[in-house]
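A.B. asks: For what it's worth, the numbering used here labels the leading residue of the sequence shown as 14, then goes sequentially.
It is worth saying that the hints were derived from the structure and are not from the lab.
Pairs of lysine-lysine, BS3-like flavour, derived with a Cα cap of 27 angstroms:
#1 114 - 63
#2 35 - 114
#3 34 - 56
#4 158 - 132
#5 101 - 181
#6 22 - 108
#7 22 - 114
#8 94 - 181
#9 94 - 158
#10 132 - 101
#11 34 - 77
#12 132 - 181
#13 114 - 42
#14 63 - 34
#15 22 - 42
#16 181 - 114
#17 42 - 94
#18 35 - 62
#19 108 - 53
#20 35 - 53
#21 22 - 101
#22 77 - 42
#23 181 - 157
#24 114 - 77
#25 34 - 62
#26 114 - 94
#27 63 - 35
#28 94 - 77
#29 22 - 35
#30 63 - 53
#31 94 - 35
Listed next, with one range per pair, are the computed distances between beta-carbon atoms:
#32 107 - 160: 37 to 47 angstroms
#33 103 - 176: 14 to 24 angstroms
#34 176 - 64: 21 to 31 angstroms
#35 169 - 107: 39 to 49 angstroms
#36 183 - 61: 39 to 49 angstroms
#37 133 - 67: 25 to 35 angstroms
#38 181 - 142: 16 to 26 angstroms
#39 61 - 20: 43 to 53 angstroms
#40 61 - 108: 32 to 42 angstroms
Small disclaimer: the values here were computed from a predicted structure and weren't measured.
Ideal Cβ placement from N, Cα and C applies to all residues, glycine included.
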Amino acid sequence: MTSQLEEPKWHVVYTRARSEKKANERLTKMGITTYLPLHKVRKQWSDRKKWVHEPLFRSYLFVKITRNEYTEVLMVPGVVKYVYFEGKPAIVPDKQIEDLKRLVEQQIPMQQMSPVVHKGDRVRVIAGPMMDVEGILHDTQGEKKVIIQINGLDQALAITVPLTDIEKVHPAKS
Numbered sequence: 014m015t016s017q018l019e020e021p022k023w024h025v026v027y028t029r030a031r032s033e034k035k036a037n038e039r040l041t042k043m044g045i046t047t048y049l050p051l052h053k054v055r056k057q058w059s060d061r062k063k064w065v066h067e068p069l070f071r072s073y074l075f076v077k078i079t080r081n082e083y084t085e086v087l088m089v090p091g092v093v094k095y096v097y098f099e100g101k102p103a104i105v106p107d108k109q110i111e112d113l114k115r116l117v118e119q120q121i122p123m124q125q126m127s128p129v130v131h132k133g134d135r136v137r138v139i140a141g142p143m144m145d146v147e148g149i150l151h152d153t154q155g156e157k158k159v160i161i162q163i164n165g166l167d168q169a170l171a172i173t174v175p176l177t178d179i180e181k182v183h184p185a186k187s
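Work the whole structure out from these sequences, hints included.
C.D. replies: As structure tokens, this is what we get:
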């Protein structure tokens, strides 16, 4: 499948909520090289505790593809879209994927940090019941809130969303 002229590159795919493992499995069956970093987390239920493997980055999956495979990936159930950065598909260097694999394999304790967003940035909710809602990040008395402007009404709503559930929306380049 790989073109002799083009080396495959690691792209970032955004998946439906809690569909990372299934999308990964389907892509692998198609012969697409994938990487889904998982980490061990202790879950607490009312009657028991259990160690489970969860995606390190919720709703994200890495695929190593050529341009010819780009559309194929989007056809897989559970895959929503590619992640773009400054109007271009996000490409992750091989070295960063290898470093990430090493960190995960060594089971080094890690914690996901909030994305680098600042007051006034345009953001999109990427997980939870408000997924795909866009607004402006605002700081109200030390609590980060996403302000959603209702166009035509001259009204706005403020919602509290965990910072790990938002991404910065980059303006499209013209």
